[in-house]
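Peer 1: Counting from 3, one number per residue, gives the positions in the sequence shown under our numbering.
For the record, the hints were derived by calculation from the structure and aren't laboratory data.
Some hints could be false.
Unchecked claim - Pairs of lysine-lysine residues, derived as DSS-like cross-links and limited to a Cα-Cα distance of at most 25 Å, are as follows:
1. K39 with K70
2. K82 with K13
3. K82 with K10
4. K13 with K52
5. K48 with K90
6. K13 with K29
7. K48 with K13
8. K58 with K70
9. K58 with K90
10. K90 with K70
11. K97 with K39
12. K29 with K39
13. K60 with K6
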Amino acid sequence: MIIKMTNKDEKFYEYMGNDRIYDDDSKEWYIYLEEDKVVAFVSISKNVIKNIYTTKEKYLEEILNQIKEENHITYSIVTKSYAEIYEKCGFEISKNQDYKNFVLVYTEDKK
Numbered sequence: 003m004i005i006k007m008t009n010k011d012e013k014f015y016e017y018m019g020n021d022r023i024y025d026d027d028s029k030e031w032y033i034y035l036e037e038d039k040v041v042a043f044v045s046i047s048k049n050v051i052k053n054i055y056t057t058k059e060k061y062l063e064e065i066l067n068q069i070k071e072e073n074h075i076t077y078s079i080v081t082k083s084y085a086e087i088y089e090k091c092g093f094e095i096s097k098n099q100d101y102k103n104f105v106l107v108y109t110e111d112k113k
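Kindly produce the complete structure, drawing on both the sequences and the hints.
Peer 2: This is the structure we're talking about:
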């Protein structure tokens with residue numbers, strides 16, 4: 003189950019803890035719960051992906067597909083380890099950037 007939260011939500015710190023993520027006020031979190039435990043999350047702020055974590059690819063796919071339906075993601079520097087999942091979910095990967103461990107992803111404008 004995917005839930006959307008901010009750090010203002012009552013259960014945010016219960017799910018996310020207090021020490022492993024930057025919980026800026028401007029971030030909206032897409033959190034995948036399985037048996038009431040966080041198994042994946044993505045945060046966005048002003049249409050930029052900020053944080054990504056997953057225990058299984060399928061969880062990240064579901065979150066990214068929901069984010070893509072609800073948002074126009076502008077250039078976001080994200081971990082390269084999930085590059086195949088970004089592409090599978092329809093995100094574009096910029097070919098003009100050369101980061102060692104990261105890629106630049108975005109979504110096309112919706113017409």
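Peer 1: Starting from the hint list further up, note which numbers the structure goes against and sort them upward.
Peer 2: 2, 3, 11
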